[in-house]
Amino acid sequence: MADEILKVRDLTTRFFTEEGQVNAVEHVDFDVRDGEVFGIVGESGSGKSVTALSLIDLVETPGRIVEGEVWYRDADLAEEHRDSHPEAVDGDYVDVRQLPEATRRWLRGPAFATIFQDPMSSLNPSITVGEQIAEAVEVQRRARANPRRTRSRTQGYGLGRLIAGTVLPSQGYVSEESKQRAVELLERVGIPDPEQRAEEYPHEFSGGMLQRAMVAQALAGEPDVLIADEPTTALDVTIQAQILNLLTELQEEEDMSVVLITHNLGVIARMCQRVGVMYAGEVVERGSLEDVFENPVHPYTEGLLGSIPDIEDPAPRLSPIEGNVPSLLDAEMGEKCYFADRCPKAMTSCLTDIEEHEAPAATDDTDHLVRCILADREYDESEALGSAAKQGVISDD
Amino acid sequence: MISPRTLRNLRKELRSSALAKIGIVLVLAMILIAAFAPFIALHNPTNQNLDENNLPPMGFSRTTEETTSEMVNGSLELTNETVYVNASASHPMGTNSLGQDVYSRAVYGARTSMMVGVLGTLLAAVLGVSVGLVAGFYRGRVDDALMRFADVSLAFPSLVLAIALIGLWGRAAVDVPDPFVVFGLVDPVRSALGLPTGMPDSFVLPGTVIVVVGLVNWVWFARIARGEALSIREEEYVKAARALGASDARIIGRHVLPNATTPILVLATIQVAAIILLESSLSFLGFSGTTLSWGFDISQGRAYLSTAWWIATVPGLAIVLAVIGVNLVGDWLRDALDPGIEGEGGV
Amino acid sequence: MSYGRFLLKRGLQGIVVVWGVVSIVFVLRFITPGNAVDAVAPLDASPELRERIAAELGLDQPLYVQYLDYLWELLQGDMGYSYISGIEASSMVFSKLPATIELAVASSIIAIGLSIPLGVISATRRHEPADYAATTFSLVGISTPNFWLGIMLILLLSVQFGIFPTSGRAFGFVEAFRIAANQGVGAGADAFYQWLRFITLPAVTLGTYFTALITRLTRSGMLEELGQSYVRATRAKGLPESLIRYKHALRNTLIPVITVLGLQLGTLIGGAVITESVFSWPGLGTTLINAINTRDWPILQATLVVIGTGFVIVNLVVDAVYAYLDPQVVAE
Amino acid sequence: MTETAPERESAGDDALVEVRNLRKYYQDGGGLLDRVLGREATSVKAVDGVSFDVREGETLGLVGESGCGKSTTGETLLRLREATDGTVAFDGENVFDLDDESMSSFRRRAQIVFQDPFSSLDPRMTVGAIVAEGMRIHGLPESDPTVATAAELTVGDGIDRTVEVSVAEDLDRVVDGDDGVARVSVTVRKDEGADDETPYEASVDGYGDLLGATVEDRDTDLHVEVTVTGSANAIRKKRAGDLLERVGLSADQVDRYPHEFSGGQRQRVGIARALALDPEFIVLDEPVSALDVSVQAQVLNLLDELQDEFGLTYLFIAHDLSVVRHICDRVAVMYLGRVAELGPTDEIFENPDHPYTEALLESVPRAEVAEQGRRVATLAGDVPSPRNPPSGCRFRTRCPKVIPPDDIEIEQAAFRAVMNLREEIEAENLDPDEVRAADPAAYRKEEVPGIAGENAGVVDEALEAVADGDFDTAAETLRDRFETVCETTPPDDSPGGDGTVVACHLHD
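Residue numbers (our numbering), protein chains in the order written: chain H, 1 to 397; chain A, 1 to 347; chain W, 1 to 332; chain Y, 1 to 508.
None of these hints come from the bench; they were simulated from the model.
Just so it is clear, CB atoms sit at the ideal spot from N, CA and C, and this is done for glycine as well.
Treat each hint with caution, since some may be false.
Selected chain H positions facing chain Y (Cβ under 8 angstroms, derived; list incomplete) [said to hold, decoys possible]:
#, residue
1, Asn245
2, His263
3, Gly266
4, Leu304
5, Asp310
6, Leu329
On the chain A side, residues computed to face chain W include the following (Cβ under 10 angstroms) [claimed, not checked]:
#, residue
7, Asp151
8, Ala155
9, Gly167
10, Ala274
11, Ile298
12, Val320
So here's chain H without its partners, still in its complex pose:
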């Protein structure tokens, strides 16, 4: 059993809006192993992006991480907090959720780095690309240089120079050394003549080039886990192939683990060793690529795989999943399966027992877990759920 760099347990994030409570992420568990690409696949509204934000503690109001533990393996960090936060440390693992806010913020960079879907809106339009990458480098440099390890990253950069920095670039927060490192990072991700490109603004980059710059920025802190939230969705297919190659290459050389979030099953197949399928805020099935793709147990996974047109031998008709994605507003999740109203194999007991079951024949050493009773028993026609009952599953307005 390869060692896990990250163990997520029972992660739950909810949004308390005026219209009601939205359960975006419900009791999500998954592990990420060293040097592995773990995929999270799901359609829009399945909660996969909120899961990513919850990992790096960037859920803004009205959203709140209600409960859950995020165990991250870092021996020094564990040592440091063993006495101050005994319950947050377990061997080399630290539950990031229980660490003080400042420490959690410090982890962004050296522990977790993130790249988002639309590179153009992830960079400040009025500051050069080189400077913004150099900022990411500078933050780490100042944090390390800080003797008291209080993780203050504005050390030696008073408010006066901060205000002046709004208008005069010369009052930069960024040192020459970091700027040089930024150019090296740009070269590292394959951007031609990096010195010149570092002086250009985001709107002067193509989508592909800008995403490479975002990857360079993520490498600034030499992260252990790179979280990629739909990194290639906004890109064309040939550029997507370039970025996926880049990610694979970097992942091997930097021996960094990747959490890849996407709705594109092709990208999952290409990149991930293990994958979790999310639907309506829950991980309905997770396991190795072979288990989930070759012998899926959960009807939703089957439906998803069935509704993709296969480029190599096109089936005459696709078999879509009927109905629509449910609205998670004020949905009383509780113990019933949330897919029951659209599930072709829904049975009466689906409304009562939806714990995670160990799927029958797990192909290799990993476990293949399914949040569906079909993992333990065969589909039994006689207990099929009537359409009326199906309607009642979700409080439809």
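Knowing the structure of chain H, use the given hints to seat chains A, W and Y on it.
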């Protein structure tokens, strides 16, 4: 015209923001005061009563030096003594130098401000929106020409242009009969309440000011309407309408204008507030066609600052309250409908 | 498009606008009832006399000739002579200009200096006392007519407590320095103190509306900017909150604020006109009002042209600052 | 290869739409001031000479990456944008010079469905009004004189006289005629309880209050008259309801607003709107790209059913190749404003001829376990700017099979490296000091490995010129030796006899 989603957003925002409620209360109050002025004014605002001039408001008193002269054995003897003049119940907010009731003039001032504010904004909106929509929809040279013209009219501050136009065109005003008084509804009510009857049967609407104010502020509407037309014409539902064979006129009328109403509505509230301020400035400088206006009363009170401060203060407070109300309603609309208008519009 | 070329283009557009301003002023003259001759000729002037005056003023030529003459004279800075005082219009206007500039600059400094920090604080400390105070102040600030505010300030600070003079203007800012130069620092300092005493109330009166407006803009600008997705991405790379707030968010917030400054310049000059009449501050505003009341056309014309041209020049400066901050504008 | 393809392809597939040499350039910076500043107007050549046919009843795919001009082609085809050059013949008539009257009929026969569910429906109109807008513009539904009207009469018991029924001429405004006859069923009953003198009443089943039946008692017989009573609006609303049902929504949602629907449902409304005028040809501009996979499948199935039921011809614009493979009969691959390859779908997907098509298909990740180990030779670089596209074949700057001149021996990888170096020199991106410091020969070994002998000599010579800062001579020396047919002559992209296209010199 207003889609149910807009109404829902408005209600939701109203529930959650106290300032919005205050705004609506203030604006409603102003509208009611302006409409039912003849009923709630204590006196006829134009009645002068020189021996009751400069009466202080309730709770205040005023000292004045009085000199009496009398012939004492062939020579004129002047004696002066301080006399206390105190408030009178019938003039709770005091009187001005001509003995006119300050409170009643403020009530009728609301009517002038409201009329100028609303009619001026309407005129500016009609002018500006039609120009802006055409410029934004057809783009090209039409757009360039109209927008250069807009830049030019922006080069003149609205107040400066307004003063110049009114100064040169004269201050034509229109006498508008007051329906309540004309139909004799007012006096019975007033006498029942024990209030003096004989309210003015018409009020003066400053025609030139409204026209000038409209002419001067059309630019803000043109800019917003142009911006909206430029973005809406690229929306796919407009292309779809064109694919269905819709004519330009139908597209502008049926698709562009309805979807541009939100930002125009928010700008309209900003403009009503701005025009109330503009009108009071104009009447303060003596460029308004009517004397029954807050600005005019403030300019009258200026000379009596040290002795009768209330003459200038009361109408000023009225302006501030009215404009705060309108601005709060503007904020409510902007927060609820989020039209993306920042800082447009102004005096 | 390089930065220089962008300014050149704005400059050319500015010239077109100035030409527009000048033409509108010319047109104004013809759409006003009564005509120039009445203003000059004595009431009982005989028709022949009126004829001669009209010819002298060049009013008998065809319209376009008058327009070209008018433009040609304008280029040479000759804007005719005041009907009332006979002084050369341009010299009169330019003598009054410094006072108005002083007032406008002073109130702008107050406005920008106060409002940006206020806006930022109320945006970053939402639902705290500082936010409520700033929001209330800015709401009242934009709802108060500046002439009434001026009068109230006079009532309180001059009449009641006599700290400030009620009206008028002692020395010009420039004069204060000249005095300091040739009469020694003591006199200079005193002259400067007098200047300060006289300009404070008018500057505060004119500046209040602007401070309130920019505070509201900065506040909503900051709130919107902090909601952008690049802020979240910048946080994700571990940048400290203070850097995100000032270096990233505030810089992008200043861009729309400065654009609105350009747009609202008209309001500033309009406000100056009123403030000058409340404090009888000897600037262009008072000149303008007198010129209108006495139908002194050349002075009115000169004032409008100067105000319009001044507006365009200042707008050019605003564009320069705006383009410096926002590289995308130059690229378009 | 004649410039324009022969009018008639092989027998039986007559082209409904014939696009010939279509061009669409966007001018920018052409304003008066820009000319004064000496900045000549540059134009973006979004569509730069595209020709293809769309045959009756087929689904032609238009595929390519963003910026290739596929959406612009679709919109210019329907004259939603003014074309710069070229012709589009719809059923024989050039669309670009139709007068208003025939333009209006073209609008009824050709429609479009858009990509973004949130921007393709007017948020301020109800779904019913959106679907019915086309009918309102064209004053539909109008009665079609060729359609006969008939009524099936069922006579209730207790009526002893013969009953005769007549139907209004414009019945077909309400009732769809199938094979030329609009039929409606009418029942006549004797109302026992009624005491008034005409006890008989007649009613039309269905159609709510749009159709009315009156009974006239002519003592010898009963005469039933069926008339259209609904207003034009009411009829349009009902037809909109029918259309919504047909695309999988329900008629009683007709008064709802777009924001109350999910993405997939909104696309269905967009399709219903396109069907309202009963068109023959629909441009589908990325109809499913914004949808989730499961909803995408539902909409694709719906489009299939509608094509069979109404005999529609589709131009299906998309960037997702697996969707195109599933739904299109023929496919045109576009690159930077031109057609790179056109042919039957299976032919194109199984053995692509054009290097770009090949690279495109290679890059698509397959949703299967085997994808993990697959070595993907990705295309280098970015799509060039359409403002000044590369000379000759536009794909030469990224093409992995660029053709070296005949007279020299060189490996493809090395030649590709030489071509990249040439582009750098022509764009003057190289830094002369860097080249001088690294000494040209060493720089060449590192930048362009795998060349030797005379080729290497020429490259060194060019690099020396660069070191002296003389980019022109450097470019010149390299061009003399390495100039390829790909950069001198544009490949032929006009449709061949069988309508296929391979715009690549490898296949001349």
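Hint by hint, here is what the structure shows:
Because the closest C-beta pair between asparagine 245 of chain H and chain Y is about 6 angstroms apart, less than 8 angstroms, the hint holds. Given the 8 angstroms rule on beta carbons, the hint for histidine 263 of chain H holds: about 6 angstroms separates it from the nearest Cβ of chain Y. Look at glycine 266 of chain H: its Cβ gets to within about 3 angstroms of chain Y, closer than 8 angstroms, so that hint holds up. With 8 angstroms as the threshold, the beta carbon of leucine 304 of chain H comes within range of chain Y, its nearest partner Cβ sitting at about 6 angstroms, so the hint holds.
The beta carbon of aspartate 310 of chain H comes within 7 angstroms of a beta carbon in chain Y, closer than 8 angstroms, and the hint placing it at the interface holds. Among the interface hints, the one on leucine 329 of chain H is violated; its C-beta lies about 13 angstroms from the nearest C-beta in chain Y, farther than the 8 angstroms criterion. Taking 10 angstroms as the C-beta contact cut-off toward chain W, the hint placing aspartate 151 of chain A at the interface holds, the least distance being around 5 angstroms. This hint holds: alanine 155 of chain A has a C-beta 4 angstroms from the nearest C-beta of chain W, less than the 10 angstroms allowed.
Hint status for glycine 167 of chain A relative to chain W: holds, with the closest Cβ pair at about 3 angstroms, below 10 angstroms. Because the beta carbon of alanine 274 of chain A sits about 8 angstroms from the nearest beta carbon in chain W, less than 10 angstroms, this interface hint is met. Look at isoleucine 298 of chain A: its Cβ gets to within about 6 angstroms of chain W, closer than 10 angstroms, so that hint holds up. Hint on valine 320 of chain A holds. Least Cβ distance to chain W is approximately 5 angstroms, under the 10 angstroms limit.
Comparing the model with each earlier hint shows a violation of hint 6 alone; every other hint is respected.
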